[in-house]
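Colleague: Chains as they are written, first to last, in the numbering used here: chain G, 1 to 101; chain V, 1001 to 1662; chain H, 2001 to 2173.
Please keep in mind that the hints were generated in silico from the structure rather than gathered at the bench. No false leads were mixed into what you were given.
Derived DEER-like restraints, expressed as beta-carbon distance ranges:
1) H/L2097 to V/G1640: 19 to 25 Å
2) G/T2 to V/F1633: 51 to 57 Å
3) H/G2062 to V/G1631: 50 to 56 Å
4) H/N2025 to V/G1623: 52 to 58 Å
5) H/E2124 to V/G1640: 52 to 58 Å
If you want the ones that stay clear, here's a sample from chain V, every Cβ over 12 Å from chain H, calculated:
6) L1013
7) A1054
8) I1056
9) F1090
10) V1101
11) A1304
12) T1580
13) V1591
14) L1603
Beta carbons are placed, not taken as given, at the ideal position from N, Cα and C, and that holds for glycine.
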Amino acid sequence: MTVPVTWYLLLAAALFAIGTAGVLTRRNGITIFLSIELMLNAVNLSFVAYSRLLDQLTGQLVVFFVLAVAAAEAAVGLALFIAIYRHRRTIDINRMNLMRW
Amino acid sequence: MLDWLWLIPLIPLASAAVTGLLGPRAPKAAVTTVAVGGPGLALLLALGSLWEYAAIAPEPVTRTLYAWTAGTIEIPVAFLLDPLSAVMLFVVTFVGFWIHVYSVGYMGHEPAPYEHSYQRFFAYLNLFMAAMLLLILGNNFLVSFVGWEGVGLCSYLLIGFYFQNDDRVPPQAGRKAFIVNRIGDFAFLVGMLTLFSVFGTLEYLEIFDAHNAAHVAAFGEPYALGLTLASFVALCLFIGATGKSAQIPLYVWLPDAMAGPTPVSALIHAATMVTAGVYIVVRTNLIFQLAGGVSMLVACIGAATALFAATMALTQTDLKKVLAYSTVSQLGYMFLAAGVGAYTAAIFHLFTHAFFKALLFLGAGSVIHALGGEQDIRKMGGLRKYLPVTWVTFWIGSAALAGLPLFSGFFSKDEILAGAWAHGHWFLWGIGALTALLTAFYSFRLLGLTFHGGFRGTKQEREHLHESPAVMTVPLGILAVGALGAGYLGIPKVLSFGAELNRFHHWLEPVVAHLSGHEAVAHLAVRTEWLLMGATTFLALLGAAIPGIFFSHALPRFQPDYRGTALDDGFAYFLPKVYTVLYFKYWVDEVYDKLIVRPLRRLAEFFWKFVDGIVIEGAIRVGTFLTELAGDFGRFSTTGNVRDYLLYLFLGIIILFWWVFV
Amino acid sequence: MEVAIFVIFALLALASAVVVVAHRNPVYSTISLVVTLVSLAVFFILLGAPFIAALQILIYTGAILVLFLFVIMLLNVSEEATHPESGRRIQRWLAILGAVTFALLLGLGVWNGYRGTDFAPMSEELVSLKSLASALFSEYLLPFEIVGLLLLVAIIAATVLARKPPREEGSTP
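For reference, chain G alone in the conformation it holds in the complex (with noise of 0.2 Å):
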C-alpha cells in the first residue's frame, strides 16, 4: 500500500499550524524566528507533493526558489537582530513596544 496524497497534505497542516502557535506564543526572538521556518518547510512540503501528485516538476521548483529566499531572510533577519541586540540587549519582543499608544 501507498502513502495517500492526503497523508502527506494533512503533515504539512500540521506543521505549519504547530509553527503558527508558536510564532503566536513565543517571546525570544530567534524562537520566533525559527517557528517562521518550520512554516516554510511545511508549505515546502506539501509544494512538493503537489508536485508529485499532478506529475509536474513545478512544485519542485518553487521549492528550490523558496529555500533560496529562506536563506536570504534568514540572513537578513538575524543581522537585524544583532543590531537591536547591540542597541537594546535584549531580544524579548515584549520590549520592543515602540508602536504601543
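Position chains V and H relative to chain G; hints supplied.
Modeller: Chains V and H alone, transformed into the frame defined by chain G:
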C-alpha cells in the same frame, strides 16, 4: 397676446422675487416701480388677452408652458382661458392692481418698528398675485393647487405682517388662518387625488367633459362612504372651499385675519383669495350637478353662513370686523347660489362683491389712516365732513352691499335669490331675504356710526383728520364706479323690457350649459320675478332705513354725541340676551378652543415631552451608551504589541477558512 | 515499507516540531528543528525529489540553522525567564486554540478535496536531475537570475546591518 398667457402669473412672481431681493433698505421709488409695475403689466396683458379672447369666446384656450412631469404621469404647466377664468382674471388683475396703487399711499409711512416693512409688504403682495393668478388660470388641478397653497401662504405672511406687536396677535391670527385652511386643504387634496386615481388626469377640460359619456357614467358609480364618486369628490372639494372661503365651520380665521394691514384685507380677504372656493365649485359644477345631496349641503351651508355671519355683524364694534363678517356672509350667498344650481349668479355676485367689498375695505383703511390707527367705530363719527371722498365712496359701497336698487349688489343678489326660488328652494330664499334685511341694516349702521353724527374721538385725532392723498382716493373712485356699474352687466330680463341684456349670464353660459336647470330662472313667470324683486328691495330698504332714520337729521332729539352708539345701546337694552350672544359671536371661538385646540395642544405636548423627550431621546441615548461601552472594551485590543495584531490576523484567517471550507 | 518509513518520520517530525516551539532554550529549539528538517528531507525523497532533499540538508540544516546557532551564541541568548509572561494567558490559549482549529480546517479541506486520491507511479522525468536542471535554465531562467540578485542583496544587507556602528555617538540603526 394669447400666446403670452403664461406671462400673466409669472410677471408678478418675477416682480415679487425682485422686490424681495431688493431688501428692506431699498429706496421706496424702486420698490414701488417694481412692485406696482409688475401687477400693472399683468393687468395690461390680461386686458389684451381678454380683448383677443372675446373674439373667439366661448371656445376655451389652453396654453402650455412646459411638461411638468415626465413618464407615466403627465401633468403640464398649462393655462386655461375660458369664460369663467376670464371673469376671474379680470377681477384679480383689475382690483389687485388698484389695491397695489392704494397701498403705496397706505403703507408709505408706517410707525416703528415697521419703518422698513414697505418692501416686505409689496414682495408678499406680489407673490400673492402670482399665486392667485396661477390658481385661476391653471388648466389642471395641480397648477391650481400650487396657487391654492400659495395664496394660503401669502395670507399667513400678510396677516402676521405686524409680527413685532407686543400683544402677539398678528402671528397668532396668521397661524390660525393657516391651520384652519389646512383642514380644508387636506380635503381638497383627497378630492383631487381621487379624481386623479379614477381618471388618470387632472385637467379640467378632460375630467369635466359633459359630452364624455364614460366620464359621466364613472361619476355615477359608488365610490366611498356610501357616496357616488361625484358626491365624494364634490364633498371633498367643498370642504376645501369652506376652508378657503370661510364658510361654516371653518370661517373662524377670517375675522382674526383683520390683524393684517387693510389693503391685505381688501385684496385677499374680500375680493380674491376667499373667492377661490367659489371658483372651484363653479369650475367643477358637473359633479355638483351630479351630486344632488352635496349640492343641497352646499346651499344650506351657504345660506346658514350668510345668516349667521350677518347676525354677528350687527353688533361688532371694530370697523374691519364688521366688514369681515360681512364678507363671510356674502360668500355664503355665493355658495347658496352654487348649491341651488345658479352658478352664473354665484360668479356674478363674486364679481360685484369684489368691487364693493374692496371699496369698503379701502375706505375703512382711509378712515383708519386718517384717525392714526383707530379702528373702534364707537370712537368715530361725523367723518363725512373731514373725509368727503371717502364718505361718498363708502356710501356707494354700502349701498351696493345692502343691495339697494341701481347699485351692483342689487342685481347680483337678486339673481341669486331668484335662482333659489326658481329651483324650488323657498326656505333658502327666505333665509337669503332675511339676510338681505340684516345686511342692509349693518351696512348702514356702519356707515352711520363712522361718518355721521358727532365725532366721538379725542382732540388730537380731530386735529389729525385729513382726507387721504390722491394715490389712495383714486382707487377708491375707480372701485366706486365698479360698485355702481358692474351690476349693469347682468340686467335681468324682467327689467330690460324683453331685451336680452344679461350679458354676464350669457358670457358664462357655456361653462354651465350642459346642466339641466340653468334655464330655470328664465322660465320663472314674470310676475313672480317682480314679486321677488320687490320683496327683497323692500327688505333692503327697510333694513337700511332703521339706522338711516336714526342718523338722519330728522330726529334732532338725540344729542349729537349720543347718536350712533345709542343704536347699539338701545339694542342691548331691549334685547339684552340676544345682544350678548351676538356680541360674543356665539362663543364659537371659545368652543373650538375648548373642544379642539386645547386637546390638540395637550396631545402635542405629550408627544413633545414624552414621546420625543423620553422615548426617542432614550433610544438614542441607549445607542450612544452602547457605542461608548463597546469603545471602552474595544480599547483593550490596541495593545501596541505586534504579536497581538498578528493573532488578530490569524483569527481572521481562521474565520475565512471556516467560511470557505465549512 | 514506505508506509512504515512515513509513519516513523512523520511522528518524529511532529514531535520535534513541538519541541522547537515549546522548549525554553533556543539552542535546543534549533537542534530540534534540525531533526524536523531532516525528516522532511526523507519525505522529499519518498516523494521523488532527491535533489531537493539534498539541497534541504545542505542549505537549510547545514547553512541556515548553523547561522542561527552562531547568532544565538553571539548574542548569548539565555533561556526565557522562568516566569511566564504576565497577563498573556488569554492570548496564549487563543493562539493554541486557533492553531488547532486552523489545522483542523485545513485538514477538512484536504480531506474533502483529496480523499481517495492516490499517487500515480513515479515517472522518470519527475525524479531526474536532468529535467529539473533543464527547466531551471530554460523556463525559469529569469527567476533563477533574480534569486541570484536577491542573494547578493541579502549579503550586502546583512553585512551592513550587522557591522559595528560608525564612530559617532548616539546613532540609531
